[in-house]
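Order-wise, the sequence lines are chains E and R. At position 341 of the first sequence the residue is numbered 341 (our numbering), and the sequence of numbers has no breaks. At position 561 of the second sequence the residue is numbered 561 (our numbering), and the sequence of numbers has no breaks.
Bear in mind the hints are in silico, worked out from the structure with no lab data behind them. Bear in mind that the values here come from a model prediction, so they are computed numbers and not experimental data. Please note that the accuracy of each hint is not assured.
Stated by the list, open to error - From chain R, some residues computed to sit far from chain E (all C-beta separations above 10 Å): (1) Ala7; (2) Val29; (3) Pro32; (4) Thr47; (5) Leu95; (6) Arg102; (7) Phe125; (8) Ser282; (9) Phe341; (10) Ala350; (11) Arg400; (12) Gln420; (13) Glu423; (14) Leu431; (15) Ile444.
Said to hold, decoys possible - Just so you have them, the derived chain R footprint on chain E, three or more residues with Cβ under 8 Å: (16) 211 to 225; (17) 263 to 277.
Glycine included, each C-beta is placed from N, C-alpha and C at the ideal position.
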Amino acid sequence: MFSRIRALIVKELLAILRDKKSRFVLIVPPLIQLFVFSFAATQEAKNQTLAVLNLDEGKPALTLEQNFAAAATFSKVLHLRGAAEVKPVIDEQQAIAVLWIPEDFSRNIEHGRPAEVGFILDGRKTNTAGIVQGYAQRIVNNYQASLAAGGQSTGAQLVVRNWFNPNLDFKWYTVPSLVCILTTLISLLVTSLSVAREREMGTFDQLLVSPLHPLEILVGKAVPALIIAMIEGTFMVLAAVFLMRVPLNGSLPLLYASMAVFLLAIIGVGLFISSLSMTQQQAILGAFVFMVPAIILSGFASPIENMPPWLQTITLGNPLRYFMTIVRGIFLKDIGAVLVWRQTWPMAIIAAVTLSTATWLFKKRME
Amino acid sequence: MEHAPVAIQGLSYTFGNNQPPALDNLSAVIRPGAVTGLVGPDGAGKTTLIRLMAGLFLPGGGTLNIFGLDTRTETTRLHRIIGYMPQKFGLYEDLSVMQNLRLYADLQGVTGAARQQVFQRLLSFTGLAPFQNRLAGRLSGGMKQKLGLACALIRKPRLLLLDEPSVGVDPVSRRELWRMVQELVNEEMAVIWSTAYLDEAEQCDEVLLLNEGKLMFAGPPRELTQRVTGRCFQIRNIAGNRRRVLANALQREEVQDGIIQGANVRIVLRVDRSQPDLAALSAGPEARLVPVAPRFEDAFVDILGGGPGGISVLAASMSQIEDYGQITVEAQGLTKRFGDFTAAQDITFAIRRGEIFGLLGPNGAGKSTTFKMMCGLLRPSAGIGKVVGLDLQKAPGQARSRLGYMAQKFSLYGDLSARQNLEFFSGVYGLAGARQKEIVGRMIDIFNLTPHLKVAAKELPLGFKQRLALSCAVMHEPAVLFLDEPTSGVDPLTRREFWTHINGLVERGVTVMVTTHFMDEAEYCDRIGLIYRGQMIATGTPDELKGRTESDRLPDPTLEDAFIELLHQWDDKTREAA
Numbered sequence: 001m002f003s004r005i006r007a008l009i010v011k012e013l014l015a016i017l018r019d020k021k022s023r024f025v026l027i028v029p030p031l032i033q034l035f036v037f038s039f040a041a042t043q044e045a046k047n048q049t050l051a052v053l054n055l056d057e058g059k060p061a062l063t064l065e066q067n068f069a070a071a072a073t074f075s076k077v078l079h080l081r082g083a084a085e086v087k088p089v090i091d092e093q094q095a096i097a098v099l100w101i102p103e104d105f106s107r108n109i110e111h112g113r114p115a116e117v118g119f120i121l122d123g124r125k126t127n128t129a130g131i132v133q134g135y136a137q138r139i140v141n142n143y144q145a146s147l148a149a150g151g152q153s154t155g156a157q158l159v160v161r162n163w164f165n166p167n168l169d170f171k172w173y174t175v176p177s178l179v180c181i182l183t184t185l186i187s188l189l190v191t192s193l194s195v196a197r198e199r200e201m202g203t204f205d206q207l208l209v210s211p212l213h214p215l216e217i218l219v220g221k222a223v224p225a226l227i228i229a230m231i232e233g234t235f236m237v238l239a240a241v242f243l244m245r246v247p248l249n250g251s252l253p254l255l256y257a258s259m260a261v262f263l264l265a266i267i268g269v270g271l272f273i274s275s276l277s278m279t280q281q282q283a284i285l286g287a288f289v290f291m292v293p294a295i296i297l298s299g300f301a302s303p304i305e306n307m308p309p310w311l312q313t314i315t316l317g318n319p320l321r322y323f324m325t326i327v328r329g330i331f332l333k334d335i336g337a338v339l340v341w342r343q344t345w346p347m348a349i350i351a352a353v354t355l356s357t358a359t360w361l362f363k364k365r366m367e
Numbered sequence: 001m002e003h004a005p006v007a008i009q010g011l012s013y014t015f016g017n018n019q020p021p022a023l024d025n026l027s028a029v030i031r032p033g034a035v036t037g038l039v040g041p042d043g044a045g046k047t048t049l050i051r052l053m054a055g056l057f058l059p060g061g062g063t064l065n066i067f068g069l070d071t072r073t074e075t076t077r078l079h080r081i082i083g084y085m086p087q088k089f090g091l092y093e094d095l096s097v098m099q100n101l102r103l104y105a106d107l108q109g110v111t112g113a114a115r116q117q118v119f120q121r122l123l124s125f126t127g128l129a130p131f132q133n134r135l136a137g138r139l140s141g142g143m144k145q146k147l148g149l150a151c152a153l154i155r156k157p158r159l160l161l162l163d164e165p166s167v168g169v170d171p172v173s174r175r176e177l178w179r180m181v182q183e184l185v186n187e188e189m190a191v192i193w194s195t196a197y198l199d200e201a202e203q204c205d206e207v208l209l210l211n212e213g214k215l216m217f218a219g220p221p222r223e224l225t226q227r228v229t230g231r232c233f234q235i236r237n238i239a240g241n242r243r244r245v246l247a248n249a250l251q252r253e254e255v256q257d258g259i260i261q262g263a264n265v266r267i268v269l270r271v272d273r274s275q276p277d278l279a280a281l282s283a284g285p286e287a288r289l290v291p292v293a294p295r296f297e298d299a300f301v302d303i304l305g306g307g308p309g310g311i312s313v314l315a316a317s318m319s320q321i322e323d324y325g326q327i328t329v330e331a332q333g334l335t336k337r338f339g340d341f342t343a344a345q346d347i348t349f350a351i352r353r354g355e356i357f358g359l360l361g362p363n364g365a366g367k368s369t370t371f372k373m374m375c376g377l378l379r380p381s382a383g384i385g386k387v388v389g390l391d392l393q394k395a396p397g398q399a400r401s402r403l404g405y406m407a408q409k410f411s412l413y414g415d416l417s418a419r420q421n422l423e424f425f426s427g428v429y430g431l432a433g434a435r436q437k438e439i440v441g442r443m444i445d446i447f448n449l450t451p452h453l454k455v456a457a458k459e460l461p462l463g464f465k466q467r468l469a470l471s472c473a474v475m476h477e478p479a480v481l482f483l484d485e486p487t488s489g490v491d492p493l494t495r496r497e498f499w500t501h502i503n504g505l506v507e508r509g510v511t512v513m514v515t516t517h518f519m520d521e522a523e524y525c526d527r528i529g530l531i532y533r534g535q536m537i538a539t540g541t542p543d544e545l546k547g548r549t550e551s552d553r554l555p556d557p558t559l560e561d562a563f564i565e566l567l568h569q570w571d572d573k574t575r576e577a578a
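Whole structure, please, built from the sequences with the hints as guidance.
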């Protein structure tokens with residue numbers, strides 16, 4: 001039995017590695033995604049333009065304006081001359097925001113009265129606007145604090161320190177997630193395409209008439225995908241550490257052990273798609289039908305806590321959710337075995353379910 | 001001067017730089033008012049030539065004129081006068097017959113009143129009128145081809161190009177298609193019909209015979225056939241084993257080619273040689289040598305320098321298959337239902353050890369369903385399929401390890417090298433270690449695969465692919481061999497070599513079950529089961545089936561005649577019963 005499965009695994013690996021197109025699929029898209037995600041899909045707001053409408057001549061107003069201009073976020077500052085210019089500047093997207101300092105600002109500050117400034121954001125760029133708003137809040141807070149320090153009253157001061165990613169470098173967040181996303185992509189494609197490809201070429205019947213048991217065929221399809229995805233995952237880890245300079249604080253054995261469980265769950269899904277699809281085209285479509293919601297519900301782009309409760313319940317069945325947590329935890333936090341195990345056992349259950357469903361369907365489809 | 005429909009001058013075409021030419025310096029003229037057969041095995045260059053004529057490829061060298069139009073420069077005008085039906089005609093399976101016709105009429109700009117007339121004419125011509133509203137995907141293979149033909153005819157082309165219209169089409173539909181095309185031809189119109197079936201070539205008015213990109217012959221098929229006149233014989237009344245007689249005959253120097261035809265052996269002698277001594281062939285005391293009419297295929301093999309010898313090194317290297325009793329393959333009341341539809345009903349037969357059993361039948365009649373149930377690819381709804389006494393459902397692994405399987409398009413792993421394919425297939429059949437090495441090595445020696453070991457299987461020449469596929473199927477010395485249209489589209493020499501091996505294996509006690517549309521292949525069978533409308537309507541030796549349909553109208557039926565006649569008889573009988 002083992003020699004039969006070994007023959008199958010060797011064949012599967014050879015078939016993938018000797019085929020130019022499969023080699024391409026294994027190497028090029030992950031590279032592209034690595035670079036695209038790391039550099040383009042950033043959630044920081046940099047190189048933004050700020051427009052300032054300062055109607056106040058006083059010193060406090062000027063200091064505030066300078067504080068804004070000095071912020072790294074704003075590389076360019078436009079000075080507006082009148083309220084009439086505010087609307088066009090936003091409309092034409094010349095600036096992400098307008099800082100509007102009314103004429104009584106300095107006077108109010110000096111008299112210890114509450115002083116207001118306006119901050120108008122371009123809501124069309126929701127994400128950037130939100131981030132810029134946060135920056136603005138911080139600048140204003142700092143300004144207030146400096147006023148308080150210089151003055152008599154000492155107000156409470158908020159000291160912010162970001163743990164695990166002190167500089168809030170976005171790459172630290174994205175790149176480890178890619179280990180999760182790209183291994184998903186690869187294992188899903190390799191498994192879902194393999195049976196469909198054999199169906200198209202007519203070799204599948206040849207396998208079915210051989211003494212191989214359906215279970216052996218499935219193992220022969222799952223193991224090569226596991227091997228390839230693990231290798232691919234290793235490349236991603238290496239790229240993260242050496243190319244993107246993301247620290248790897250946690251334990252590698254834990255990362256690999258949980259990766260194997262995670263991949264088995266995904267491979268189960270891949271095999272399921274595989275036994276459903278007659279052509280490679282259907283298989284790719286099927287893979288993406290799973291892939292896109294799985295990534296969105298993984299907490300990669302938006303926190304799961306922000307989703308409506310019923311959707312949060314659904315994410316419990318998404319293996320990416322758990323592995324995403326593990327990968328980030330191991331990279332940035334050095335989480336221990338207990339925490340990893342807490343995220344791993346749900347994946348083990350999911351793997352058991354997907355693999356056995358795939359086996360059941362595979363056997364059923366043979367009739 | 002009137003231009004010829006097709007004038008080819010020194011035409012060459014090559015795919016890619018390192019490839020051998022797909023067409024090599026071809027010159028020919030095709031005349032109007034005739035069906036010109038473009039004949040040759042797969043990979044001979046037939047499709048390439050047709051695509052060149054349709055202006056889809058441009059000549060690499062030489063010129064190609066269609067009614068005086070140069071395909072290089074006058075493509076637009078060219079497209080208006082040709083009708084082209086590619087191998088897989090682009091029918092939209094989710095559209096009905098009528099919708100497909102309308103679509104193609106729109107594409108070809110046939111509109112207005114003319115359009116309805118054209119549709120009426122084509123529907124009645126193809127006999128598709130009752131099926132106008134049926135989805136194209138639900139048509140049988142033969143009907144699809146007819147619809148494809150209708151779509152190609154919408155604009156009354158002057159040159160009709162048909163690329164292998166009869167592939168995968170059963171003999172009944174093949175005949176109808178052929179008759180339809182015959183009706184079309186007139187002085188205005190030329191038809192080119194490409195085919196890998198050499199027996200179709202014989203019916204063409206003219207033939208272009210291609211092999212490996214070279215034009216071997218151009219002219220009326222009779223002209224080619226003449227070269228073997230007086231050299232064709234049948235050995236009849238064979239008392240002993242006819243397979244052994246054939247093997248012996250093929251080993252004789254004076255015999256250049258031979259095949260089995262039912263109970264007889266057909267041989268072609270080399271030029272100016274005396275007839276072989278029948279006693280030396282161990283054909284039995286009653287055996288006679290009867291001169292028969294030459295066939296196109298005999299002549300083709302003759303041009304290629306004769307067929308292979310009669311000894312199978314493969315069979316010689318195999319051990320005798322152990323005796324599993326008299327019956328090695330058995331179907332008991334096999335039934336397969338898909339929903340309401342019964343694809344196969346109560347099919348029962350038994351195949352003896354060392355027997356070749358052929359399953360024949362029109363498309364969609366249940367032949368493939370039965371075949372698949374017998375090799376364990378489909379689970380029967382009722383009934384039992386047994387191989388070497390083992391129930392395929394109860395002991396699938398054990399039963400499967402005793403059977404070998406080879407499908408139509410040689411299901412090898414195209415990206416794997418020849419050696420990797422051998423290693424894989426021996427591996428899944430449980431061969432390992434020294435024994436595996438020894439067997440793989442033996443296959444490589446037997447089939448001279450050494451120079452091709454590193455080449456990906458898909459790059460192998462067709463003949464080698466066939467050999468590799470056969471060795472992959474028999475490495476584990478199966479007791480039963482299942483063959484699914486094993487030699488469709490291959491050249492006659494490769495086919496002969498293949499059957500030499502199969503005959504040799506049968507001598508070793510291997511039982512063979514084969515499905516085929518190919519009457520030549522069916523003639524090799526000891527017995528044939530004819531499947532029609534899900535039932536086994538007749539079984540018997542090829543000669544018995546022919547005998548059963550002998551009548552005044554058909555004094556000497558071919559196997560194809562018998563096939564069609566038996567279907568008709570069945571239809572008549574069921575109509576009476578109803």
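Comparing the hints with the structure gives:
no., hint, verdict
1, Ala7, "holds, 40 Å"
2, Val29, "holds, 40 Å"
3, Pro32, "holds, 41 Å"
4, Thr47, "holds, 20 Å"
5, Leu95, "holds, 20 Å"
6, Arg102, "holds, 27 Å"
7, Phe125, "holds, 34 Å"
8, Ser282, "holds, 36 Å"
9, Phe341, "holds, 15 Å"
10, Ala350, "holds, 20 Å"
11, Arg400, "violated, 5 Å"
12, Gln420, "violated, 6 Å"
13, Glu423, "violated, 7 Å"
14, Leu431, "violated, 8 Å"
15, Ile444, "holds, 17 Å"
16, 211 to 225, "holds (count 3)"
17, 263 to 277, "violated (count 0)"
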